[in-house]
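J.: Sequence:
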Amino acid sequence: MRSLNVAGIFLLLGIATVALMIWQHVGMNIQHNLLADASRTATLFSDRINGGTSAGTVSGSDGDVTLQCNVNHNDFTHAFCGFTLNVAARNQGVDITRFNTLELDVEYETPVNDTLLVYLLNKEYQPEERERANMQPLNILAGKSSYSISVSSFFVPSWWIYQFPRDDLQGQANMKNVTKLRLTTGDNAQSRSVKIVLRSAILSGKAISKTQMYFMVIACWIIVTAFFSIRLLLGLYHSSKAHKAKNLKLHAENSQLYVEKQKLSEVAKTDPLTGVLNRAGLTHAMLMLKLNDIDNSDTHSLIYLDVDHFKKINDNFGHDKGDEVLVALCDMLKASIRHSDLLIRMGGEEFLIICTHTMLGDASQLAEKFRNQIASSIIADIDITCSFGVTECRSSNLQSAIARADKYLYQAKQSGRNQVCSTLA
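Using the UniProt record's numbering, you'd call the opening residue of the sequence shown number 1 and step up by one each time.
A few of these clues could be false.
[Claimed, not checked] In silico BS3-like pairs for lysine-lysine, Cα to Cα no more than 30 Å straight-line:
1. Lys195 to Lys290
2. Lys369 to Lys312
3. Lys334 to Lys241
4. Lys312 to Lys195
5. Lys312 to Lys407
6. Lys407 to Lys311
7. Lys195 to Lys144
8. Lys407 to Lys334
9. Lys312 to Lys334
10. Lys407 to Lys369
11. Lys413 to Lys269
12. Lys290 to Lys407
13. Lys407 to Lys269
14. Lys369 to Lys334
15. Lys321 to Lys369
16. Lys210 to Lys269
[Unchecked claim] Between beta-carbon pairs, the in silico distance windows are:
17. Lys249 to Ser400: 45 to 51 Å
18. Ser146 to Lys176: 52 to 58 Å
19. Gln190 to Asp95: 16 to 22 Å
20. Lys210 to Asn86: 27 to 33 Å
Quick caveat, the hints were computed from the structure, so don't treat them as lab data.
All C-beta atoms, glycine included, are put in the ideal place defined by N, C-alpha and C.
Generate the whole structure from the sequences, applying the supplied hints.
T.: Structural data, given as C-alpha cells:
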C-alpha cells in the first residue's frame, strides 16, 4: 500500500510538472504599460545638454507621446533629439528583468535614413547616485511600425562606461530599477526635421520565468525524493534494527536451546547411575573415532569386563548395595584409565573400556593391572573380582571387535573368573 502511495505521489508530481511547463509556455503572461500618464511624464531631451542647438517639443494625447524636433548639425557635438518618459510609479522603478520583451509601436517621419536609440535608464545609488544607460539601437523604418526588443539584448554604451569608470558591474546591463524610457535619434547628425510618435510601449513576460520554473520544479522533485528517500532509509534502518534484534534474540534462544540440547544429549549418552557413557554414548564415540581416522590406520584395543557373581551381591546385600558397588567400581576405573580412554556401561555389571591408540599387549597389561587392583581392594565394603576379555581392532571394525571381546570375556569366566583372556582356548 505504501509503495502504491509513493508511486501515486510521484505520478501526480510528474503530471503537475508537465502541466506547469505547459502553463508557463502558453500562459502566466504578464504585461506592464510604460505609457501610463505619458502626457505628464514625457520631457524633451536633446544635444542642448552638450551645447547643441537642436530644438523641439514633446506632447501627449490619447496615450501617445509625440516629438517634433529640428536636429541642427554642429561641429562641436553630435546632433540629436529625443524625449524621456518617466515610468516610475510612486518613486519606485520597474524591475525589467521580470519581462522578456519590450514591444514598441512607433511612427517615424524624417527625410533621411537614421537609427532610433532606445534607452532604459536604471536608477542607482552605489557607488554614487546616477542613471545607468541600458541601450538598444533600432534600424527604424519610416511610417508606422511595431518593434519587439528582447530585454536581454540591452547593453551599456561605451560613452557611459567612460563617463562612469567606477562600476561594480563592470559595464554590464542592470535593469532592476528602471525609472525612465528614452528614445532619441541615432547616428545620422545631419540637419533635419524629425517626428517621432510613440503609440505604445509594453513590457511582456511571464509571471514565473523558465529559470524560476525549472528551479522550483527541480527543488520540488529533490525535496519529495529526499523526503521519501529519508523515510525509506529510516524504515530500512528501523527494519534492520528490529531484524538485528530479532536475530540476536533468536541467536540467544538457539544458543540456549543448543546448550539444553547438549545437556540432554549428554544425559542421553550417560548412564544415570555411574555417570559413565551408556550404549548411546558408545555409538557416538565409535562414530567420532571413525571420523577422526579417515585412512583407518589407528589401532585401538577393547577391554570388556564383568563383575564376578554380581547376582549374589544383589541377593545377599540388596540392589542398593549392588548399585554402590557399581558406582565405586566406575570411580576406581575412571581414576585409573587415561584421558583418551573411554569407559562405557554396557548393561548390568558389564563395562567396556576403549583404549585408543593402544596395541593388544599394552591393553592386556592394563587389564591385568585393573584385575589385581580390584581383587586387592574393598569396594563398597565388599570383596569383588572381575573377569576381562581383551582384543585389538581398527576404527572401522569396532562393532565386530566388541563382539569378539565379549567372547574373550566369556572365555575368562568359563576358565574360572578373575582373569584376563585375549585369545580363545
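J.: Hint by hint, note whether the structure agrees.
T.: Verification of the supplied hints:
1. The straight-line distance between the Cα atoms of Lys195 and Lys290 is roughly 120 Å, outside the 30 Å bound, and the hint therefore fails.
2. Of the supplied pair hints, the one linking Lys369 and Lys312 holds, its CA atoms being roughly 25 Å apart against a limit of 30 Å.
3. Our distance criterion of 30 Å between C-alpha atoms is broken by Lys334 and Lys241, whose separation comes to about 51 Å.
4. Proximity of Lys312 to Lys195 is assessed by CA-CA distance (about 151 Å); at most 30 Å being required, the pair is judged violated.
5. Note on Lys312 and Lys407: the hinted pairing holds, with a Cα-Cα distance of about 23 Å set against a maximum of 30 Å.
6. With a C-alpha separation of about 20 Å, the suggested pairing of Lys407 with Lys311 holds against the 30 Å cut-off.
7. The hinted pair formed by Lys195 and Lys144 meets the criterion: a straight-line CA distance of about 12 Å does not exceed 30 Å.
8. Restraint check: the Cα-Cα separation between Lys407 and Lys334 comes to about 24 Å, which is no more than 30 Å; the hinted pair holds.
9. As the CA atoms of Lys312 and Lys334 are separated by approximately 25 Å, the hinted pair is consistent with the 30 Å bound.
10. With a CA separation close to 21 Å, the supplied pair Lys407 and Lys369 stays within the 30 Å bound.
11. The straight-line distance between the Cα atoms of Lys413 and Lys269 is roughly 29 Å, inside the 30 Å bound, and the hint therefore holds.
12. Between Lys290 and Lys407, the direct Cα distance comes to roughly 23 Å. Compliance with the 30 Å bound is thereby established for this hinted pair.
13. With a C-alpha separation of about 25 Å, the suggested pair Lys407 and Lys269 falls inside the 30 Å cut-off, and the hint holds.
14. With a CA separation close to 14 Å, the supplied pair Lys369 and Lys334 stays within the 30 Å bound.
15. For the proposed pair Lys321 and Lys369, the alpha carbon gap of about 25 Å is at most 30 Å, so the pair holds.
16. Between Lys210 and Lys269 the CA atoms are separated by roughly 84 Å; this puts the pair beyond 30 Å, and the hint is violated.
17. Remark: the range hint 45 to 51 Å for Lys249 to Ser400 is upheld by a beta-carbon distance near 48 Å.
18. Checked against the given bound of 52 to 58 Å, the beta carbons of Ser146 and Lys176, roughly 27 Å apart, lie outside it.
19. Checking the proposed 16 to 22 Å range against Gln190 and Asp95 shows it is violated: the Cβ atoms sit about 38 Å from each other.
20. Between Lys210 and Asn86 the Cβ separation comes to about 31 Å, which falls inside the hinted range of 27 to 33 Å.
Checked against the numbered hints above, the structure violates hints 1, 3, 4, 16, 18, 19; every other hint is satisfied.
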